[in-house]
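Visitor: Starting from two chains that each stand alone, build the complex the way the hints lay out.
Each chain, written out:
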Amino acid sequence: MFVDTVIEDKALHKPVFLIYLSVTVLAIFFALNFTNTLFGEFLRPVIGDPTESGFFGRFAVSLVLTIIFVLNLFAISFFKLKAQVAIVWIELFLLFLAFAYSFDLKMSFIQSRVPLMISRGLFTTIYISAISIVIATVIAVIGAIAKLSNNGFAYAISSFYTSLFRGLPLLLQLFLIYKGLPQLGFMVDAVPAAITALSLCYGAYMTEIFRAGIQSIPKGQWEASRALGFKFNLILRKIILPQAIPIIIPPTGNQFIAMLKDSSLASVLGVWELMYLARTLGQRDFRHMEMLLTAAMIYWALTIVLEVIQARIEEKYKQKS
Amino acid sequence: MSNIFGFKKSSIVLATVFLSISMTAKAGIVYDYIIEQNKLIIATDANWAPFSYIDDDGVMQGFDVEVGREIAKRMGVEAQFITPDWDVITAGNWNARWDVSVGSMTPTASRSEVLNFPAVYYYTPAAFAVHTDSPITTLAGLNGKNVCTTAASTWEMYLQGDLDMLNAPAFTYDVTPGTITSLKDGSMCADDTRLGAGVRNDGFIDSVPMIQGAIEAGYPIRFLGDPAFHEPLSLATDLGNNDPELDAELARIIAEMQKDYTLSLLSIQHFKNADGSSEDYTVAY
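Those protein sequences? They're chains A and B, same order as listed. So in the numbering used here the end of the first sequence lands on 321, straight run, no missing numbers. So in the numbering used here the end of the second sequence lands on 285, straight run, no missing numbers.
Rather than coming from a laboratory, the hints here were simulated on the basis of the structure. There could be a bad hint or two in this list.
[As the list claims (entries may be wrong)] Pairs of lysine-lysine, DSS-like flavour, derived with a Cα cap of 30 Å:
{"id": "1", "chain 1": "B", "residue 1": "K184", "chain 2": "A", "residue 2": "K179"}
{"id": "2", "chain 1": "B", "residue 1": "K184", "chain 2": "A", "residue 2": "K106"}
{"id": "3", "chain 1": "A", "residue 1": "K316", "chain 2": "A", "residue 2": "K231"}
{"id": "4", "chain 1": "B", "residue 1": "K272", "chain 2": "A", "residue 2": "K179"}
[As the list claims (entries may be wrong)] Some chain A residues flagged as far from chain B (calculated, every beta-carbon gap over 10 Å):
{"id": "5", "residue": "L65"}
{"id": "6", "residue": "V134"}
{"id": "7", "residue": "L277"}
Just so you know, these numbers come straight off a predicted model, no measurement behind them. A virtual CB, placed ideally from N, CA and C, is assigned to each residue, including glycine.
Chain B extracted, bound-state conformation (with noise of 0.2 Å):
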């Protein structure tokens, strides 16, 4: 029943939450109750294969979720998912209706104000592509075009020229679009520039993993050049539920995951090149 009215474990924490900022600022409270209900809560986007998506059975599957499952198992306690839209998860105040978000958040200077980065725990590339038709050769024929993005990503801050993140390689913003389409995800670019060159419109921004796995599903589309920017991926917390105990956790976890490479097995069991060889991204740039 409490589950259906919606008082549960999460107002519990909030409560205790707001009761202890009263009264001293104790860390902790978060993790403590982690450990207390043998739960960690994921937040993923389901909607990013091969990152995190639904199989066949109905279990959540991806590189994402497989680090997810092995935090949680380093932890000692069980994993449970919970698949928010992307702008819903970066957009902070969670709540304490999850726990983290294992969901390839690239740290920048503006959700530093809503949420923590306590851990790095890969990097991808992040490219343009075009439909092979396109007669746009290099980034710069994008330049005045309409370029397709996801709402509320580091790609659509790329374009606007407002990419503000941290600890991140050096780059240069090679395109400056006429028109930023923001769709919800990803593949709704894909599918709209897989409809013919500046139909809908003339190319999109996304990862590397993500238009690879495209184009090997058969969509007519090619890699625009060479990858724009490199950029770091992070597990994320929520500032206001602000637990530096939980946040040291994660950063022993996946430090140790980097370790014993775990996370190199992860990648290159997960992401793969045009020919068929296997990638490790979890090696920072």
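Extracted from the complex, chain A is given alone in its bound form (with noise of 0.2 Å):
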């Protein structure tokens, strides 16, 4: 982003924004009433019993989540900008994990299960999004080619393709693949099916982000090497794709993170991935959270992976230009 010159003082050292955003966060505090929680068990000594402890408890632990949170803010913003993200990062992340310590959760349950998890359902989910990636990519370079020709034909197909297939739900985009084309004599499976649909929905979408992209060049360069003798091919893969790529990569890297976790969907066609066992795995002992708690970490690991590679490659295409 834009970095700014003027150095003002920060908000937070200043005492009547602090008292401001005290008496806001007193109010929202006081709002959720967290007296019933882990926080009214702390204050019993003070309180009492925290169920009958009535307006009086209720203020005095909304009081006390105020002072923590405002110091915590307070403290943090002494240190640099560094360590206040990576503080942040924890501090978040120490919450994500009190909140699913409060489920009571059986960890040699998730013992027992983890590696069915990770053996059977990522990797089912990781290669159903792998082959719907590439097939999407594949799809998209065609179709945002297709948009930008002046072939009558090419831009009819690619633009009806677009808008059918961004216009419909992705699950009903599945439900149709896997039951319709039977009924024309095209047997599909379940993965199969989940492919297609995959590949299918976000190569529409790519389509419109790789069209955008090389739409954004301006006319100039095509002109210029036009006016070099060179053929269409060659300016688009010389010429245009490397300019255009740098701004292609970010909305694509989402499109990846997106259809990651729109695998999931597959798991109504009965595949085994990660959604899907997510859902089954905890059913005989009625241990439901577990999972979904498991499957989300995982999910969530993966989405990390990701989005560092995305980051490396914008990395990497900034050096170049």
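Guide: So this is what it looks like as structure tokens:
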């Protein structure tokens, strides 16, 4: 982002702002009422039985939480930017863990099923997504070129395709392919149906991303290349795409991450991927939260990996230009 | 490769079926194919402990699954399980993706428009359950309340007053809910009911063994009154791929398993009562 050279005092170091902040936070905590949670238990020595502490208990809990919150912010404001980011990340993560912990999870249950979720579920999720990503990218390149061409048929087909597949919910497409194609005599099993639906749907979104990326390159680049006597294919490959790719990468990375998670829709067709196992493995022992949270952590970890890869690629193209 | 593109067994079956119908209604295509491929593909929703679920090693287990394995064994072929959602199975039109459903399906008039029911293999009672703190004490107490159930199930049909079971014991509609909440499977209802009486629903209806399992897992729920109705549970095959030879073979195997007490033993093994005693659900009411 734009680096501002006008440096003002930090808002958190102004008393007036601190007072406004404290009052607002206090009001929010008071409205949400944390008396009957873990925080109320901590304050039991002061307020007595949390369930019977009434207005005083509610106010006391809110006040303590507000003081902790504001002091925390105030303390963090003295650190350098990188340290601030790290501290806030760790604090938010601890809050998430506390949230998960409050479900009274049975860790041994999770441990006994994690190997299966990874060997079977994660593997299936990754291979469905990976194949779909490759096919969707190919579709997107062809679709974008067709959409930009002067050929009436190519434009009509590709614009119809993007309109249709962006216009239908992915789940609906999945059912249309899984149930509809066999009626036409094309037999597709659950996994190929899921891959087809994901590829076609995301191919449509990515077609638009690629088209916009290519169009964002100034017309002068085409004209200059033409003037030098280059052919269309060469211009596209050597001049336009190298400039368009850095623009295309961030939104495409977003699509990959979204697709990874949308592959969970295949669970409806009984494919044993991560989401399906998360829903099913807890059934016998009626421990659903354990499996759902485990799957949540695995999906999150996968997404972080993709984010890191995307950041690396962006960095690489930034250096080049 | 054939697997990736999806043109496998099933498409060939389909083509053969079309061909055979166009020539003469010749029986036995699906059955012949099962024998030829040495593989019986069995559909069962894996979200129904203790009937059908996935164990720690990723292997299918449960009463239905063991019945399915036994059927394949007696046919002399391998059993392969496939786990589509319940409403995908009951909707019929399987397109030869699987050969038979061993999934505790109650034969009803509406389902028999798309499915065949070659053999009933056991009978379970359906019952209502409420939160232990619930003020409701009788089935009539649920009238006008919010009752949860599984989408596309016989329990849902019962709540709608539209249960058209075939060859089933007589029953009466004792509950007319104000709202019916239909979810993906029974355990989602149990999860909602455990939150408290009247929080997301006032109670739910499911099979007795499933409710029993939830109670044993520590859910704060209790049975409400006597079982609402008893339902026969059957194998199912696709009416579209009508194969009398397969149906006859399935019926023969089930009759044999009843005769040598295999079914009773499996039932006793999988279904327990509250006091820990075993339950034989294979006897007709």
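Visitor: For each hint, tell me whether it holds in the structure or not.
Guide: A quick look at each hint next to the structure:
no., hint, in the structure
1, B:K184 to A:K179, "holds, 19 Å"
2, B:K184 to A:K106, "holds, 25 Å"
3, A:K316 to A:K231, "holds, 28 Å"
4, B:K272 to A:K179, "violated, 38 Å"
5, L65, "holds, 25 Å"
6, V134, "holds, 13 Å"
7, L277, "violated, 7 Å"
Hints 4, 7 from the earlier list are contradicted by this structure; the remaining hints agree with it.
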